[in-house]
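> Each chain, letter by letter, is given below.
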Amino acid sequence: MGNHLKIGLEVHVQLNTGKLFCRCPVEGKEVGSFELHRKLRPASGESGAVDRAARYEEERDRSFTYECPDNTCLVDYDEEPPRSINEDALNTALKVAASLGCTVLPVIECMRKIVIDGSNTSGFQRTSLIAVNGNIETSKGRVGITSVCLEEDSARKLSDSGDSVRYSLGRLGIPLIEITTDPDVVDEDHAIEVARKIGLTAMTTGMARRDADSIRQDVNMSMGHGRVEIKGISRISQIKEAIESETERQLMLEKVSSVINERGGFPIEKFHFTDVSADFEGSGSSIISRGLKEGKHVYLSKLTNMSGVLKSSELRLGREIADLTKVFAVQGILHSDELPGYGLTKNDVMILSKKADCRPLDAFMLVIANDSKASILESEIPARIRHLLDLKLDETRYFSDQGRTAFLRPLPGSERMYPETDLEPIRLSKELIESAMDFGKLSAEERIKKLSIDYNISLQDASTLVNEAKLGLFLSLSAQLTPRYSARLILQRLPEIEKKSGISLDDQTIIGVAKIIKGRSLGEISMEAALELISKGTSLEDIRITDAIEPLSDVRLSEILNELSGNDVVGSPGELIAAVKQRTSRPFDPRDLIRLIESRKRITQK
Amino acid sequence: MLSATAMHYAPERVLADQGVRMTGKEFAEFGTRLKIEHEGQVLEVTFIKRDGDELVFKLPSGYNVRFSFKAVKLVEILEESHGNSKHAMEVATIGSGSRKISLLSTGGTISSKVDYATGAVKPTEDISFILDSIRDIKEKITLKANIIDSILSENMKPDNWIRIGRLVSKALDEEDAVILLHGTDTMSYTASALAFMFEKQRGPIILTGSQRSSDRPSSDAFENIEASVRFSMEQIGEVGICMHASISDGRSTLIRGVRARKMHTTRRDAFRAIESGELGSIIDRKVLLSREIKEPDEETIFSDKLDLAAGIYYFNPLSNEDDLESFSKKKKAVVIMATGLGHVADRLLPKIRELTDEGKHFVITSQCLYGRVDLEVYASGRKLLAAGAVPLENMLPETALAKSMYVLAHHSDEFEKWMTKNLRGEISERSLLGGEL
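These protein sequence lines are chains F and A, in that order. The first sequence begins at 24 in the working numbering and counts up by one. The second sequence begins at 183 in the working numbering and counts up by one.
Hints in this document: simulated from the structure, not taken from any laboratory. Please note that the accuracy of each hint is not assured.
[Claimed, not checked] Listed below are the simulated BS3-like cross-link pairs for lysine-lysine, each with C-alpha atoms no more than 27 Å apart in a straight line:
hint: 1; chain 1: A; residue 1: Lys339; chain 2: A; residue 2: Lys603
hint: 2; chain 1: A; residue 1: Lys603; chain 2: A; residue 2: Lys542
hint: 3; chain 1: A; residue 1: Lys565; chain 2: A; residue 2: Lys514
hint: 4; chain 1: A; residue 1: Lys252; chain 2: F; residue 2: Lys453
hint: 5; chain 1: A; residue 1: Lys320; chain 2: F; residue 2: Lys319
hint: 6; chain 1: A; residue 1: Lys603; chain 2: F; residue 2: Lys62
hint: 7; chain 1: F; residue 1: Lys62; chain 2: A; residue 2: Lys468
[Unchecked claim] According to the in silico footprint, chain F covers these stretches of chain A (three or more CB under 8 Å from chain F):
hint: 8; stretch: 234-247
hint: 9; stretch: 396-406
hint: 10; stretch: 429-441
hint: 11; stretch: 448-462
Beta carbons are placed, not taken as given, at the ideal position from N, Cα and C, and that holds for glycine.
Could you build the full structure based on these sequences and the hints that come with them?
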């Protein structure tokens with residue numbers, strides 16, 4: 024690995040406080056019957072210029088469909104201005120900032136970050152810079168914290184056909200704390216350590232959302248060829264893969280660049296498309312004949328000096344070009360390094376090579392696309408090749424399912440930010456900042472220890488509750504049930520219930536059940552019986568009134584025992600418990616049953 | 183005054199400036215790149231503005247930060263401002279097709295942009311951005327855009343309607359259709375007033391606006407203008423309002439101005455044809471016109487006379503004779519928004535009788551908006567009729583106001599006859615079930 028490698032992280036933590044700019048809950052049920060259709064256009068920032076990443080999205084001219092689950096409202100549909108910021112979310116962001124040793128800004132100004140890939144219905148993401156200049160200690164030295172921001176999460180992408188994209192709005196507007204580090208991360212393992220440490224800090228607030236993708240990280244890295252931002256790394260373990268894959272790619276591009284330079288370079292002006300559709304009538308290539316049938320054309324261009332670098336054992340410039348065309352929803356590209364093949368014969372290749380005026384070191388490519396797409400690609404492809412060969416590699420990439428990074432869009436500039444004019448700046452009170460600073464005085468480890476002491480639970484349980492983002496649930500449940508039982512319920516019984524039903528229960532539902540149990544003066548076994556019913560589809564309203572969660576009385580237990588065996592108690596306690604369970608759907612405390620059996624035995628012995 | 187050496191804005195300096203409204207220019211020009219020191223940290227920033235006691239800077243990341251004026255020390259000017267590269271466009275013509283369309287901008291959200299110096303959304307003089315949205319039909323039309331005003335519609339007055347009407351009338355002498363960009367708040371008032379003032383019109387007059395300003399990527403402005411251009415290609419001799427038909431893009435509606443009403447504060451589809459009056463719709467760029475649409479006239483006849491002595495009185499349980507009397511004082515015609523079928527409290531009847539006898543007109547519309555008033559069903563309705571009030575069937579209150587102003591100016595001696603006569607489709611002849619309320 025090169026000496027120039029610089030790595031920084033952006034860690035995103037979802038909060039369970041309710042949405043950031045409306046009063047919708049974080050959790051929702053997909054309803055699916057209601058959807059919206061929209062288009063987006065770029066808008067210019069304060070200086071009047073349009074951001075390059077936004078302009079780029081505009082050229083893609085896509086349409087967006089939004090599914091609207093039951094935790095969405097007019098704010099999510101961009102049909103109403105934002106409501107005031109969620110104060111719990113703001114307080115949590117301040118606490119996290121203080122814990123990371125940051126300086127909190129005196130005035131919080133909400134900005135609009137232009138994002139027109141459809142992931143925000145408004146065409147921008149609301150984001151506020153909360154604090155700057157912090158640091159954390161790690162095993163490999165101090166890592167600077169550039170900034171802590173509080174932003175809205177984007178809509179979740181459901182499908183993408185290139186020209187149209189489908190999103191669900193359930194996730195849109197969930198508060199997201201974004202923690203950005205300085206490029207102080209030294210290697211892949213260190214990146215994982217830093218991400219974990221930051222994540223843990225956020226989770227000790229008890230406000231982190233408990234969900235599969237509630238913590239996500241982006242990697243910023245540079246090997247001296249510009250900054251690459253890699254998005255979409257949902258698991259911490261993937262950080263390592265992403266960095267390795269990107270490093271490999273940049274080393275490959277260094278080689279490609281030097282090979283092409285030795286050959287005399289890539290003259291950008293020699294790249295132009297010739298429509299060769301007529302040559303392919305009745306072609307044996309299915310990819311081409313399908314395209315022609317759809318009304319597309321086949322375009323040919325020479326790729327000067329590129330023979331062998333598009334696809335060989337280690338050089339893969341062709342894939343870089345394909346990543347670009349994919350962004351414009353053009354899947355049909357072929358280049359001479361992979362031909363003959365795809366139904367094209369050796370003879371076809373010779374004819375095309377001649378037509379493109381190829382000399383021995385030249386390659387050619389075919390693009391199957393409609394006119395408008397081709398005219399965009401005719402300028403985009405050579406421009407991108409130029410960038411890659413000049414090793415100007417700064418861009419936004421994503422970590423794909425195939426375990427490699429792929430082109431997403433150019434890096435956005437500062438032009439993409441302008442003030443959210445629907446919201447007034449927030450001037451933080453001294454008390455608010457001081458209470459956050461107080462929170463920040465303890466380290467994450469110290470807070471876990473304090474949790475175990477304050478609630479009289481084991482250190483192990485306290486640590487697991489925090490690490491699994493179950494602290495918020497624990498704190499809420501402890502107000503209804505005893506802390507010890509709350510911990511046991513969350514860490515043992517709940518996973519069992521969820522595993523048995525295959526359904527995961529959200530925090531709000533569990534807390535709702537606990538409130539009902541407390542309100543009905545019922546106990547632990549009723550709590551678990553209620554959760555089991557909920558996991559089988561019973562509603563909270565039914566839990567409020569059903570008898571099915573009330574424990575069996577001693578009288579009724581005795582009756583069942585009578586039915587089972589007359590007055591003679593036979594079988595082991597375990598067998599009897601199982602037998603009683605078969606005869607009733609109501610919960611009962613096995614200890615009660617054993618007590619009854621014991622007393623019967625005593626009577627019988629007398 | 184700035185120098186390249188470090189300068190501290192001492193508290194004395196600020197005190198000396200108090201009482202004088204300071205502008206950002208006293209610190210630096212918008213867009214100047216600076217190196218500043220704030221609480222021991224040195225930052226490279228772009229100056230945006232001064233806001234009271236705070237200075238607003240943009241960080242290289244794009245975030246704006248606000249620091250107290252006193253806490254900022256200027257270290258160095260890195261780069262002078264290049265100024266704002268945008269230039270205002272007063273008149274623009276696009277296309278060279280046969281259909282001639284005049285686009286007149288009066289202001290409103292549709293032609294508003296963020297004013298970064300103050301952070302507020304304000305009407306802009308520059309409307310070139312909206313012309314991008316009709317690229318695909320450019321060859322069929324010649325569209326001439328003019329900025330005739332720059333006001334938010336809550337500030338519109340009858341003077342503005344008359345001025346707009348004159349300009350529209352002039353435009354219709356030369357062009358085939360007129361599109362009017364207008365704020366949405368009072369758009370239906372303006373549309374109604376124009377509908378009555380244009381006794382004949384040789385082409386469509388279409389008002390359009392937006393509920394999301396055009397500085398947002400999701401703005402409805404682009405599609406509303408595009409749809410208005412498509413409607414202006416059609417044979418329509420009416421004043422209409424063109425807006426989104428749903429909260430999704432891709433569906434637009436054209437509503438007869440006298441039957442249109444803004445029914446939501448923020449939604450894109452806020453404008454509804456109340457009971458009747460949908461003149462047409464556009465679904466995925468295809469225009470569908472209603473059969474009840476009025477064809478264009480041979481000529482345009484515009485009358486610029488309106489009588490301002492009219493008003494809308496909203497009856498409610500607190501209403502009494504005194505407030506009705508003071509409200510009616512300088513008015514010749516009062517549109518009463520009555521309850522239900524068209525009722526007001528018995529306690530107001532003597533006053534209505536008295537004022538009617540003095541020559542004032544009371545016309546009755548309903549707060550229900552949907553449905554016809556009928557003063558013959560209940561005793562209180564009959565008493566109101568007996569007191570001299572005139573029921574206006576299902577005419578909308580705002581339309582009734584505009585119509586009163588027109589009728590007072592043109593037919594004051596036959597007020598009742600003209601008010602109850604259906605002039606521009608302001609009364610629905612049939613009571614159809616229609617859509618949701």
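> If a hint holds in the structure, say so; if it doesn't, say that too.
Comparing the hints with the structure gives:
The hinted pair formed by Lys339/A and Lys603/A meets the criterion: a straight-line CA distance of about 26 Å does not exceed 27 Å. Distance hint between Lys603/A and Lys542/A is fulfilled; the C-alpha atoms sit about 19 Å from each other, no more than 27 Å. In summary, the hint linking Lys565/A to Lys514/A is supported, as the alpha carbons are separated by about 21 Å, within the 27 Å threshold. This hinted pair checks out: Lys252/A and Lys453/F have alpha carbons roughly 18 Å apart, not beyond 27 Å.
Annotation: proposed proximity of Lys320/A to Lys319/F holds, straight-line Cα distance about 25 Å (limit 27 Å). For the hint pairing Lys603/A with Lys62/F, the CA-to-CA distance comes to about 44 Å; that exceeds 27 Å, so the pair is violated. Only pairs whose Cα atoms come within 27 Å are accepted, and Lys62/F paired with Lys468/A is accepted, the gap being roughly 17 Å. For a cut-off of 8 Å, the count of residues in the stretch 234-247 of chain A with a CB near a CB of chain F stands at 10, and the three-residue condition holds.
Under the rule that three or more residues need a Cβ within less than 8 Å of chain F, the assignment of the stretch 396-406 of chain A holds, with 8 such residues. Against chain F, the stretch 429-441 of chain A contributes 4 residues with a C-beta closer than 8 Å to a partner C-beta. That satisfies the three-residue criterion, and the hint holds. Using a Cβ-Cβ cut-off of 8 Å, 3 residues of the stretch 448-462 of chain A lie near chain F, which meets the minimum of three, so the contact claim holds.
The structure shown violates just one earlier hint, number 6.
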